[in-house]
Amino acid sequence: MGAGLRKTTPTLNPLRQSETTFLLGDARDLSALEENSIDLIITSPPYWKKIDYLHPKQIGQEATPKGYIRSLMACLKQWERVLKPHGSAFVNIADTYVNRDLAGIPERFMLAAQDHGWLIQHRIVWVKPYGIPESKPYRLANRYEFIYHLSRKREIYTNLYGYAAKFGNGFNPGNVWKLRAERSKDPHLAPFPDELVERVLTFAAPERVCPQCGKPHLPIVERTARLNPDRPQAIRAMQLFEESNLTTEHLAAIRAVGLGDAGKARKIQGDEKNAREVLRLANEAKAVLGGYFREFTFPMKAQTGWETCGCPAEPIPATILDPFAGSGTTLKVARKLGFRAIGLDLVDYSAPAHESVGSTT
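Residue numbers for the sequence shown follow UniProt numbering, so the first one is 1 and each next one is one higher.
These aren't lab readings, by the way, just hints derived from the structure by calculation.
Cβ atoms here follow ideal geometry from the backbone N, Cα and C, with glycine treated the same way.
Incorrect hints may have been included.
In silico EDC-like cross-links for lysine to aspartate or glutamate, where the CA-CA straight-line distance does not exceed 20 Å [unchecked claim]:
1) K128 with E182
2) K301 with D230
3) K128 with E80
4) K128 with E198
5) K66 with D101
6) K336 with E195
7) K77 with E19
8) K153 with E34
9) K77 with D115
10) K66 with D95
11) K336 with D115
12) K332 with E198
13) K301 with E222
14) K153 with E80
15) K286 with E249
16) K301 with E249
Label-pair distances were calculated between CB atoms; the ranges are [as the list claims (entries may be wrong)]:
17) R139 with K178: 17 to 25 Å
18) Y138 with L111: 23 to 31 Å
19) R236 with Y130: 34 to 42 Å
20) A112 with K178: 25 to 33 Å
21) Y97 with G290: 26 to 34 Å
22) R139 with A313: 51 to 59 Å
Please build the complete structure, drawing on both the sequences and the hints.
Below you can see the structure in the form of structure tokens.
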């Protein structure tokens with residue numbers, strides 16, 4: 001995705017050109033949306049056999065799991081048309097019991113999506129510390145759901161640096177998200193929390209998109225000399241460095257050598273591949289820093305600019321779609337973070353409450 005891109009420096013003021021649109025309609029018909037118009041989809045389809053929305057075109061009340069999955073695949077067919085090449089989709093989906101037997105809905109969905117040409121970029125486990133109480137006296141309460149990250153292309157937009165900086169203190173937070181389901185008057189049994197949407201947006205929604213060619217601007221991330229201030233070892237390492245006559249060239253040498261001169265790692269990584277001068281500087285640094293030299297092999301990173309497409313048009317924020325918008329959590333969070341958002345649903349949620357079906361047993 002980096003081909004033909006040029007670099008710019010980051011701006012101090014983030015783009016805030018957000019627009020929010022809600023449409024009444026069927027998720028299996030996105031003809032109102034233009035082709036290649038969506039950067040990211042975040043949604044949670046109605047769970048199978050959980051809630052009857054009393055609408056003739058609803059999804060979720062199909063007679064069989066296979067019928068339900070067919071309905072979802074019809075939705076994915078529409079997503080394929082509206083998603084941009086760098087775009088992807090995050091789908092929160094839960095399972096259902098039928099006659100004391102799990103239907104395997106998440107697994108069926110994943111395999112069907114792959115059969116229809118979609119790639120599974122991630123399978124995220126959403127752990128819910130306090131979920132809905134289990135009414136069956138013989139069953140363990142369910143405390144997790146899956147979030148599937150799908151794409152049509154192998155190379156898509158993601159910003160792991162920005163996500164790690166915001167949710168992992170600079171480190172990869174992993175694919176297990178411990179988030180409490182928010183309670184609301186929404187008839188959805190387990191509406192996902194604002195933070196879940198914020199995590200997805202931070203990870204996969206481009207902050208800057210060219211309105212001319214449709215390509216996202218990519219963050220340029222480079223190593224710095226800074227260490228993690230939350231690590232006592234890192235604080236001590238910086239103190240030793242600042243009290244010494246070591247230079248930034250010494251730190252660069254440490255990073256070049258890495259842990260290759262530590263114990264058995266010497267035989268594996270092969271220090272002989274490094275230039276003699278680099279080794280000399282690294283050894284000088286190690287003599288001063290002792291075991292703390294290892295801290296400098298993992299410096300913190302920082303965004304230093306953007307790789308752009310080269311078009312003269314001013315960039316705009318990504319456009320987010322939730323084809324099962326419900327009460328609008330995705331739209332609300334997207335707007336708050338400055339993105340454009342489109343929501344679609346069959347139901348006007350200011351209407352009377354819907355009928356909850358629940359598990360068949």
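Just tell me: holds or violated, for the beta carbon distance of R139 and A313 against 51 to 59 Å? This hint holds: roughly 56 Å between Cβ atoms.
Mind checking the alpha carbons of K128 and E182 for me, to see if they're no more than 20 Å apart? With Cα atoms ~10 Å apart, K128 and E182 stay inside 20 Å; holds.
Between R236 and Y130, does the beta-carbon spacing fit 34 to 42 Å? Taking Cβ atoms as reference, R236 and Y130 lie about 39 Å apart, which means the hint holds.
Verify the proposed pairing of K301 with D230, using a straight-line Cα cut of 20 Å. holds, 15 Å
Hinted pair K301 and E222, Cα distance within 20 Å: Holds, at about 5 Å.
Is the gap between the beta carbons of R139 and K178 within 17 to 25 Å? Between R139 and K178, where Cβ atoms are some 22 Å apart, the hint holds.
Pair hint outcome, K66 versus D101 [Cα-Cα no greater than 20 Å]: Roughly 15 Å separates the two Cα atoms, so the pair holds.
Below or equal to 20 Å on CA atoms is what counts here, so check K153 against E34. Distance ~19 Å between K153 and E34 Cα, so the pair holds.
Compare the distance between the alpha carbons of K332 and E198 with 20 Å, and conclude whether the hinted pair is satisfied. holds, 10 Å
A range of 26 to 34 Å was offered for this pair. Does it hold for the Cβ distance of Y97 and G290? violated, 58 Å
Does E80 sit within 20 Å of K128, going by the straight-line distance between their CA atoms? Measuring from Cα to Cα gives roughly 31 Å; hence the hint is violated.
Given the hint of 23 to 31 Å, check if Y138 and L111 actually sit that far apart at their C-beta atoms. 29 Å Cβ-Cβ, so the 23 to 31 Å window holds.
Hint check: violations occur at hints 3, 7, 11, 21; the rest are consistent with the structure.
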